[in-house]
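There are 6 protein chains.
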Amino acid sequence: MKKRFIADIKTGDRVNDIFVLSEKILSQKRDGNNFLNVVLSDKTGTLKGVMWDHVDQTAAGVTSGDFVHVNGGVSEYRGTLQVVIKKMEPCSPDRVDPSDFLPQTSRDIEGMFDRLVKITDSITTDHLKALIDAFLNDTEFVNKFKTAPAAKKMHHAYIGGLLEHTLSMVSLADKISGHYSGIDRDLLLTGTILHDVGKIDELEYQFNIDYSDKGRLLNHIVIGIKMVDDKLSGIEHFPEDQMLLLKHLMVSHHGTREFGSPEPPKTIEAVLLNYIDEIDSKVNAIRDFIASEDPDETWTSYHRLLERHFYKGKKNA
Amino acid sequence: MKKRFIADIKTGDRVNDIFVLSEKILSQKRDGNNFLNVVLSDKTGTLKGVMWDHVDQTAAGVTSGDFVHVNGGVSEYRGTLQVVIKKMEPCSPDRVDPSDFLPQTSRDIEGMFDRLVKITDSITTDHLKALIDAFLNDTEFVNKFKTAPAAKKMHHAYIGGLLEHTLSMVSLADKISGHYSGIDRDLLLTGTILHDVGKIDELEYQFNIDYSDKGRLLNHIVIGIKMVDDKLSGIEHFPEDQMLLLKHLMVSHHGTREFGSPEPPKTIEAVLLNYIDEIDSKVNAIRDFIASEDPDETWTSYHRLLERHFYKGKKNA
Amino acid sequence: MKKRFIADIKTGDRVNDIFVLSEKILSQKRDGNNFLNVVLSDKTGTLKGVMWDHVDQTAAGVTSGDFVHVNGGVSEYRGTLQVVIKKMEPCSPDRVDPSDFLPQTSRDIEGMFDRLVKITDSITTDHLKALIDAFLNDTEFVNKFKTAPAAKKMHHAYIGGLLEHTLSMVSLADKISGHYSGIDRDLLLTGTILHDVGKIDELEYQFNIDYSDKGRLLNHIVIGIKMVDDKLSGIEHFPEDQMLLLKHLMVSHHGTREFGSPEPPKTIEAVLLNYIDEIDSKVNAIRDFIASEDPDETWTSYHRLLERHFYKGKKNA
Amino acid sequence: MKKRFIADIKTGDRVNDIFVLSEKILSQKRDGNNFLNVVLSDKTGTLKGVMWDHVDQTAAGVTSGDFVHVNGGVSEYRGTLQVVIKKMEPCSPDRVDPSDFLPQTSRDIEGMFDRLVKITDSITTDHLKALIDAFLNDTEFVNKFKTAPAAKKMHHAYIGGLLEHTLSMVSLADKISGHYSGIDRDLLLTGTILHDVGKIDELEYQFNIDYSDKGRLLNHIVIGIKMVDDKLSGIEHFPEDQMLLLKHLMVSHHGTREFGSPEPPKTIEAVLLNYIDEIDSKVNAIRDFIASEDPDETWTSYHRLLERHFYKGKKNA
Amino acid sequence: MKKRFIADIKTGDRVNDIFVLSEKILSQKRDGNNFLNVVLSDKTGTLKGVMWDHVDQTAAGVTSGDFVHVNGGVSEYRGTLQVVIKKMEPCSPDRVDPSDFLPQTSRDIEGMFDRLVKITDSITTDHLKALIDAFLNDTEFVNKFKTAPAAKKMHHAYIGGLLEHTLSMVSLADKISGHYSGIDRDLLLTGTILHDVGKIDELEYQFNIDYSDKGRLLNHIVIGIKMVDDKLSGIEHFPEDQMLLLKHLMVSHHGTREFGSPEPPKTIEAVLLNYIDEIDSKVNAIRDFIASEDPDETWTSYHRLLERHFYKGKKNA
Amino acid sequence: MKKRFIADIKTGDRVNDIFVLSEKILSQKRDGNNFLNVVLSDKTGTLKGVMWDHVDQTAAGVTSGDFVHVNGGVSEYRGTLQVVIKKMEPCSPDRVDPSDFLPQTSRDIEGMFDRLVKITDSITTDHLKALIDAFLNDTEFVNKFKTAPAAKKMHHAYIGGLLEHTLSMVSLADKISGHYSGIDRDLLLTGTILHDVGKIDELEYQFNIDYSDKGRLLNHIVIGIKMVDDKLSGIEHFPEDQMLLLKHLMVSHHGTREFGSPEPPKTIEAVLLNYIDEIDSKVNAIRDFIASEDPDETWTSYHRLLERHFYKGKKNA
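Those protein sequences? They're chains G, S, P, Y, A and L, same order as listed.
For reference, each letter of the first sequence is one residue, going 173 to 489 in our numbering.
For reference, each letter of the second sequence is one residue, going 173 to 489 in our numbering.
For reference, each letter of the third sequence is one residue, going 173 to 489 in our numbering.
For reference, each letter of the fourth sequence is one residue, going 173 to 489 in our numbering.
For reference, each letter of the fifth sequence is one residue, going 173 to 489 in our numbering.
For reference, each letter of the sixth sequence is one residue, going 173 to 489 in our numbering.
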């Protein structure tokens, strides 16, 4: 069990606790011996560390991403806190409460999942319903889908974020598909549910959120298409035309090539899916950003990716 | 009354009919005398014309944008039909049925306007309601607002298009403001209604749709802000803060500087308004484009502005 | 059998011949009846056509992409040749020599294929060799791979072009992988052979070269990945790591997101594959362009996509 | 009265002095109590501060932008100086010499204003002269116009900067309008004088230079147009055409949409105004940058916004 | 001597006159024989031509850029006038009045040159004056410099345009160098005079204006630097530092890499030169464009390169 | 002789050693006296320094780029190590081993040069061989060419890097020129050897690698063209056409204007040279980056210029 969080550590403290080993860099000293620089993390932040002795044995036993039990003293080096590590050894995930290491959605995961299942009941096109059911009846998939974040940073970057994002988008898709005539609602809803499923393998999110090798090499769009293909292989008579249109929703959901979609949206449903994704990710990103800033100030600080300050309103307005 | 439309004219025809004089270019022949090139239009298309005699008197009496009564014969010049004009004189708008010259929304304008008014009744913030009422009680504004197109080309480019676009967006804004907590619904709806009001003066749409001098020099965002300021001057105690936020919705509704907004959206409401505008204009543009193409083909031709072909589906699919 | 090619047709001719129906657009006349605009093509160019009578029966019987037997007379309309079609009916592909309709590589297809097979014999990594063999032993695949063009326009846009492009790239990859130390030659060669396999389904090239529905909706990268996955499912113990790296070569071979790769190259082999593809497609595109221009002039005309004139050299230099 | 400037403070000092409270961020400790991070500033720089006790009362009494009297001790935290604040309370602006907090033009403000007034005497177009006079006779406007900076950073970012920039541009406009025939000199000069008037409200510059809420939400172009409209409402018979052209100068003076102008320059005068603004702001920005760098070196350091080093010349050259 | 200009030629005319052979494209007919497509030009425009017989002998005797004597009849092909050429043979430039083929500045070339020389007299830095004199005393250079256009299209694209553009810029540079303190006036004026000298070889402008081989392969910046180096080799003790700064003005005068400058401006003088060039080329381009349009209309047509309509003003305003 | 390297210095150390004075910034204290901030460097890194006394005499005696002998004590300021300098005086380069200050190629410089000379023996076009010989027989050139780096950062940024890069490219050019028919191998090889010769003067690399004044003002393309022109002036009958094509290879080798080439590649040889340069610089840059990172990790850290992580492979894969 974790005793103290990184946010509470200060110069002079003794550290004897569990962390995620987020980065590990082995370097050579001029005398030919190695030393070790590490970054440790928990859900409250990150902490640098350095280790001078017993380095080779220690380094060989741990990989970045592991839980480690660290023993050492905290000093300040070049203006930053740093643990000078005496001992660091791997720590079995069994001895750890994952919620100490990862932020989580503030909503009820099971409740969200039930609402999603309920909405899928309104899909009346047989082959689309069959495909959705193939996913929802796959326990391994469902377990990952319930816990996966929607991103490493930026929006819904917490356990349960993918489900929260997907559910919100499905609900928006439902509303908007009723607004315009001639929308294939079942196709749009199915595409919305599946558009980001590749993220359950693009990201790793057991102890900290990061891209997986697969994610960095293939991208969640390509991963997701393969997952759909695997399910499709178990469904008879899925119309070729519908298969193409559904995959097109996934392929094009980032809107432009610049944002990673090999093809831009070429159907009204694909155009809508892209905007629904944009709306839900931006609203979540901006609201989380505003929530993390000083409540008394009128403006947020500068948002580097969205390239602006956001207006929060005057305190007594 | 118009007798024949441009789409029906062919080489060898005699023309004796009313058109809009869309372009007028006076040039000098080598012998020192002038000749006149014109473009004539009605709601079915455009027709080139040339005039060799009595040019100076004729040119002095008409300006581009006028209705003209044209007399002449149709031949072919450099591969295009061309009227060799014998006589061209201005024609009073009274003698003309404007619907012969401009495309119009397929929806009922009065019905749409009533629905818009009804939605505004649900705005309960006093000063916002007062502002909306100031516009809706201004007969001159309402008359223009009911007839204005939303654009010269691209989307809702027809009489009644601005109202149709605004109503659709308000309805979407209503749905989406209920989806997320903490949205200032009254502000979003007010901003949605007013975001494009400047278009009633940015465009001219009596006989053909084109930009006005004011529109080309100032842009509808700047024109619209002035219209709101004029109405605000008649409303007491409109909160300064609300005035800024409302104008910000107008200023930022194109989303980025590249698309003509001096500032990007800096509130959630402004972010939503930009996406709602994007969705409604793109859906309308794509559907109109698809509707104008061969119903038997699977794909549209290439859309130059959106830079892609759109999928229409197989005929018997 | 085709009697005369489009390049030889002139005003006043009677036409009674076979063409590909490249475009078909059904429109309504003001009197409520339909008329038909078409574009006909063979390997020498395209020809516009219009049909006024018996339109509905005719239109219902043919789709764009079909061979059609056309009967009519050639006139000039708005500066372009145009067949006024009396009769147009579908024509069975059996009665047609495809080489009348599609340009073809100037090289020997079987010879090129043999050379490619020979190079694959030098791949000594078992699982990669097994994958290549799975493709090369698939007769249906091989037949398409031998005939597919590498693009609709721009480079290697002719029957056999994909094979010619792939063989040239493999030979370059062989040379370059020997130049730098530490390159995984087998992986690079395998990735080079497979990088564009999706093009056999992205394009249609029976009678004219165009994108297929699948190609426009999914893109050849996504299609090719699926083809590799299908072959991989038949190979036991293909290392996961190698599978990711191989697919990464395919995913990233366009070099940047702007050019359609969901991820940029992240291994030296992927970086090299992207440049080898660039070199071979640009050299082919420029040489074909130069070859199509006046041999006596020093410069080509302006190349619209590459945005420059190319220097051909002085005639007697 | 200020006793010591931030540039002179070092670790171990006691602080008992007046600063501008540039930023104020209230955060929660793990024990549920709040603490306060602040940034203090004067004209010599900025200083971080932290406060642990009596935080809620203190925070409630001050807002960012206020003058504050701070009592505390200076230590070093994570490599930066930091005041640990014992007491911080608002300080009336009356007790403060603003020149301790804001940089100021090195030129004589009254002298510059007189020169500007003198130049306006040469404007002979009645309605333009009337408009300029309406501004120059508005004491509240003139007071702000004399003190406003032209920007937060980059160029003329000091008290009096807007006047200095405007005067320099007017003088350039005078010279250039004589160089080309057919320039409407009076219009160009009037537009030059008014192009940035919105900055007097876009920025706040009482104690430190920052954007106002109005500035961030509306942009100085939109603010300036409103100021001109207000003055125009008091001038009879201002020609509509001239009003559009004058506002167009303001709307388009940033040159392109990317740089914040809703419309690009569409008259020669507008094209010239944009270049005159570019020249004067760049020359000022580069010269101030060069002046702030080591006089002995040949090159400046890298200018982040202009993306280059500037050449200052060899010392003894 | 030329008898009739292209602007006066119509269908049915016999042509027996001199033209510039602007383009020549030799193609093969299906029967294996060649035919010839050409573009003919004079200062009033261009005219297409085709030749069917005696093609090989004819083609061998003429090159694009030559004067040709053409004999043939004018018909219309695909909507454009076309000469069916019976005979075409080279025509000695001696028999031609060049002013029939190239547009020319409306100003007095000798007068402009005298004014330029006079301004150079005010340059008091010895080595800079020596360099300018080296150019102005080089008769071959001066002859080309007096006739060269400043561009193929866009601005000052006529005989004498380079001199007119340079003189106007020098005069502007003179004015602006007095406006700011600390400008090296002699350096700026020298750089302004020399910045485009490479254009006398980048372009060919004997009979029509086009890029030379040298111009297309090397660019006028690189050509001009070589010309300056050649003159510098004859001047003793030209300070190294001044040589670099002068060449830097030439290298950077396009302002950014995107516009063809290998380095951006890194001195105040270089920044000013870039803006002075921008102002003078844009003002000339826009005024020429406005002058070429219908005087009665309020707006110009759309300017493709500058991407906007320009406002010309109401006729009676 | 250097005693200790920067990488080995820590807080509390006495420093009495030789460094390169990389930056020198003289600033004024509030009391009117000057102080000095410096950056010191050797091949292991950089170290900040400050000097409070005897500043004016010291500053006058040294310039950035000099070797200096520094005497002082190391402390920590704002989180970074800093030497408080007691004494700093210039140090003659004679007393210094340059290899202590600059990284160097790991290959044998003389061996590489011999291989390059050998390849040039295969160039059989007389005038090209003569030009290459003119360079290779110029001892001053050869000495610089053997030591110059190919860049300040990014790729081959070490002594001997230019030669290593050039040799590798020449070998690639040799291979690729044999792959495609119709390549002018001698021209391509000559252009490859000369494309970057300007870098011997664009950079300074005696004690640390930085841009020279000439390099920053003129760019290595312009410098290199001048070097070729100087050699060409000594070669009789060098064909004009070949001279243009050779210089074009140099002018265009960055591929696009955005990357600093005044003209893009307009011959096949120029297109190839650009890609060969791209391949060799990217492969070197990525391999050096990978080599500098932790060998145990699967991915590199983020590469800021190439904007991605690179895959290094699993340790035991």
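Heads up, some of the hints might be wrong.
Repeated chains share a single entry, so a pair holds when one copy, or any two copies, can fit it.
As a list, the in silico SDA-like pairs of lysine to any residue whose alpha-carbon atoms are at most 20 Å apart [said to hold, decoys possible]: (1) K484 with T311; (2) K175 with T319; (3) K486 with Y383; (4) K318 with V246; (5) K318 with L339; (6) K398 with G387; (7) K486 with H299.
Calculated directly from the structure, the hints in this document are not laboratory data.
Given a CA cutoff of 20 Å, do K486 and Y383 count as a within-copy pair, a between-copy pair, both, or neither? between (39 Å within a copy, 15 Å between copies)
How would you classify K398 and G387 at a CA-CA limit of 20 Å: within, between, both, or neither? Both ways: K398 and G387 sit 13 Å apart in one copy and 17 Å across, limit 20 Å.
Treating 20 Å as the Cα threshold, decide for K175 and T319: within, between, both or neither. neither (25 Å within a copy, 56 Å between copies)
Classify it for me, K486 with H299: is the Cα-Cα distance of at most 20 Å met within a copy, between copies, both or neither? between (52 Å within a copy, 19 Å between copies)
K318 and V246: within-copy, between-copy, both or neither at 20 Å Cα: Classified as neither: same-chain Cα gap 38 Å, cross-chain 49 Å, threshold 20 Å.
Between K484 and T311, at a C-alpha cutoff of 20 Å, which is it: within one copy, between copies, both, or neither? Cα proximity of K484 and T311: none, with 42 Å in one copy and 34 Å across.
Copy assignment of K318 with L339, given that the CA separation must stay at most 20 Å: within (11 Å within a copy, 38 Å between copies)
The earlier numbered hints that this structure contradicts are 1, 2, 4.
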